[in-house]
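Colleague: Modelling step: build the complete structure from the supplied sequences, incorporating the hints.
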Amino acid sequence: KLFTIFFLLFTATAFATHNRAGEITFSHVSGLTYEITVTTYTKDSSPADRPSLGIYWGDSSPLDSIDRVSKILLGNDINQNIYIGQHTYPGPSPTPYLIRIEDPNRNAGIENIPQSVNIVFYLETELLINPFQGVNNSPVLLNPPIDNACVNQIYIHNPGAVDPDGDSLYYTLDVSRAQGGVNVPGYFLPPSSNFLTINNFTGDLIWNTPMTQGEFNIAIRITEYRNGKKIGSILRDMQITVVAGCNPPPIITTVNDTCIIAGDLLNFTVNATGSHPVTLSATGIPFNVTNFATFNQTTAPATITSGVFNWQTDCSNIRNSNYFVSFKATDAGAFNLADYKTTIIRVIGPKVENLTTNVQPNSINLTWDKTICSNASAYKVYRKKGPSGWSPGICETGIPANVGFQLIATINNINDTTFNDDNNGLGLIAGEDFCYRIVTYFPDRSESIASDEICDQLKKDVPIITNVSVNSTSTTIGDMDVEWSKPTEFDTVLFPGPYRYLIYRGRQTNTNLTLIDSTLSINDTTYTDININTKDFQYFYRVDIYNLTNGTRDLIGKSTVASSVYLNLIPSDNQLTLVWNENVPWTNTQHIIYRQNSITLIYDSLDITTANQYIDTGLANGSTYC
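Numbering (the working numbering), first residue to last: 1 to 626.
Some hints could be false.
Within a straight-line C-alpha distance of at most 30 Å, the following computed DSS-like cross-link-like pairs (lysine-lysine) qualify [as the list claims (entries may be wrong)]:
no.	residue 1	residue 2
1	Lys-460	Lys-486
2	Lys-385	Lys-229
3	Lys-370	Lys-486
4	Lys-459	Lys-384
5	Lys-71	Lys-43
6	Lys-486	Lys-558
7	Lys-535	Lys-459
8	Lys-460	Lys-558
9	Lys-459	Lys-385
10	Lys-486	Lys-385
11	Lys-385	Lys-460
12	Lys-486	Lys-459
13	Lys-535	Lys-558
14	Lys-370	Lys-384
15	Lys-385	Lys-370
16	Lys-460	Lys-384
17	Lys-351	Lys-385
18	Lys-384	Lys-558
19	Lys-384	Lys-486
20	Lys-370	Lys-351
21	Lys-351	Lys-384
Computed Cβ-Cβ distance ranges for the label pairs, DEER-style [said to hold, decoys possible]:
no.	residue 1	residue 2	range
22	Asn-247	Gln-86	43 to 49 Å
23	Thr-511	Asn-320	24 to 30 Å
24	Gln-86	Asp-44	47 to 53 Å
25	Asp-491	Ile-602	36 to 42 Å
26	Gly-386	Thr-410	37 to 43 Å
27	Ile-593	Asp-481	19 to 25 Å
28	Leu-576	Ser-521	15 to 21 Å
29	Ile-602	Lys-535	36 to 42 Å
30	Ile-304	Gln-406	53 to 59 Å
31	Gln-115	Asp-77	39 to 45 Å
32	Leu-601	Leu-576	29 to 35 Å
I should point out that these hints are in silico values taken from the structure, not numbers from a laboratory. From the three backbone atoms N, C-alpha and C, an ideal C-beta is built for every residue, glycine too.
Modeller: Right, here's the structure in full:
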């Protein structure tokens, strides 16, 4: 009996309260093999120790073990324990593998976890293996959860999560978990005088303010997103010790969000003050890239101190998501209070330089300098009729939809720095201003600053069709009016005249047009096309001008193709949907909808729209409407 009592006491000591915080992370090794790292933070004064931990890999394999590779005393009675193991998964899975550990037990006396000494310490991480998303490595949490809080003083913590793949991270407060991953019974968020919240994008946890001293646990869920889709998450469970009777924590006074063009140097100073001498440090992805940033405290730890951040950026740093750098100020007081400030850094692609135009017959040829970024994948070419009056704002990349530019081409070879804009073979309209910008595109969908805008126009040396209208609707005797303006800027020395227009028509197509007629004078700029089926078909027209000197016939130029507006009706219950299309060299800013009055037979206007469809409602089924 005495032996049994001694054994029970020994077991209780061996599994005594010690777990304070932790998380599980992973990195890809090769194929389906991943390296799993479990990091725990335990109470140094506790006799309990774990040279290894039981772990579930999440693929229905039995409980395994993972060995500790390091144990470091961080201060504040906290040890950091790191366990590393490798596991090969059976294959891709439509749902994440849930890696988890359960370890008895949490330390006693946690204020917001009833009977915490009897609650299993639980951690989990989701690992999604999906060949369509690419290889994934989890974020690494660089800021240990060891900072104390003080009663009636604002507490700030940031996990310092760094994602090596550049995936977007989203932070939320979660609930501490118990055995099996269930919510801890009776768990509640630590009480505050104002609020306890976390910034979803920077990860800054703010407790404003602790009201009572003691030990409190919170859980932070860090979710990874790639191209807008969730690909994994980490649950960090952490303990905050709230003390009383302390001086105010340090304050970082100068950190601002910024953006920088790749290739430029980012340099700024971080200042901090405190009741005790303050030490500054920083974490974030910029410190882990090839052209890594540096942060050095430029003065000895003091109540007023500063540090300098330096980062010589290059094109490899361009990405579609922001960089987050977390600065930490820790004082030398008895409780080592801390402050965090997170700055957002955006590295953007430099604009395309030296965009120029060269006017050709019916087209404009563009040339520009090759991008300095060899990791770019494409150029996007944009066009607008008339100047935009827009200039990119600070940190603004790409071209917003509301400035009127249209994407007309994507060039998927960055060595190809020319583009001939012939309006997809239809030709550009002479006499109009066409304005262009180029944007460099990168594999992760990030875009550069837009190039400077350049505008040019074709000479008005060809006819310009100004109107194509259906005069009458019929299957046999329909007719169509075509009007154009005459060319005014062609070479009259080379082409002295006389002149003739040749008129071409296509039915249901803007290619393979057929010659249908001609006119005898350069001033004869109207034509009526008769005896055609305007009810069932849409027609396309082109007008060419020829020089007829000395009996020869030399082409001076061709107009762009213009079509009639063709209307389709789609009937449904008590309504008609009107859908129309046109292919014209001018811009239709609005459309007026007319419906025939069944009594007066006059067409009355119903509405005005900028779209190419309209729904006429409140109609009588079985009636005819025109």
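Colleague: Next, verify each hint and record whether it holds.
Modeller: Hints and how they fare:
no. : hint                          : result
1   : Lys-460 x Lys-486             : 8 Å, holds
2   : Lys-385 x Lys-229             : 37 Å, violated
3   : Lys-370 x Lys-486             : 40 Å, violated
4   : Lys-459 x Lys-384             : 18 Å, holds
5   : Lys-71 x Lys-43               : 12 Å, holds
6   : Lys-486 x Lys-558             : 11 Å, holds
7   : Lys-535 x Lys-459             : 37 Å, violated
8   : Lys-460 x Lys-558             : 11 Å, holds
9   : Lys-459 x Lys-385             : 15 Å, holds
10  : Lys-486 x Lys-385             : 21 Å, holds
11  : Lys-385 x Lys-460             : 16 Å, holds
12  : Lys-486 x Lys-459             : 12 Å, holds
13  : Lys-535 x Lys-558             : 28 Å, holds
14  : Lys-370 x Lys-384             : 22 Å, holds
15  : Lys-385 x Lys-370             : 25 Å, holds
16  : Lys-460 x Lys-384             : 19 Å, holds
17  : Lys-351 x Lys-385             : 22 Å, holds
18  : Lys-384 x Lys-558             : 22 Å, holds
19  : Lys-384 x Lys-486             : 24 Å, holds
20  : Lys-370 x Lys-351             : 10 Å, holds
21  : Lys-351 x Lys-384             : 18 Å, holds
22  : Asn-247 x Gln-86: 43 to 49 Å  : 47 Å, holds
23  : Thr-511 x Asn-320: 24 to 30 Å : 39 Å, violated
24  : Gln-86 x Asp-44: 47 to 53 Å   : 29 Å, violated
25  : Asp-491 x Ile-602: 36 to 42 Å : 50 Å, violated
26  : Gly-386 x Thr-410: 37 to 43 Å : 23 Å, violated
27  : Ile-593 x Asp-481: 19 to 25 Å : 21 Å, holds
28  : Leu-576 x Ser-521: 15 to 21 Å : 44 Å, violated
29  : Ile-602 x Lys-535: 36 to 42 Å : 21 Å, violated
30  : Ile-304 x Gln-406: 53 to 59 Å : 55 Å, holds
31  : Gln-115 x Asp-77: 39 to 45 Å  : 22 Å, violated
32  : Leu-601 x Leu-576: 29 to 35 Å : 19 Å, violated
In summary, the numbered hints that this structure violates are 2, 3, 7, 23, 24, 25, 26, 28, 29, 31 and 32.
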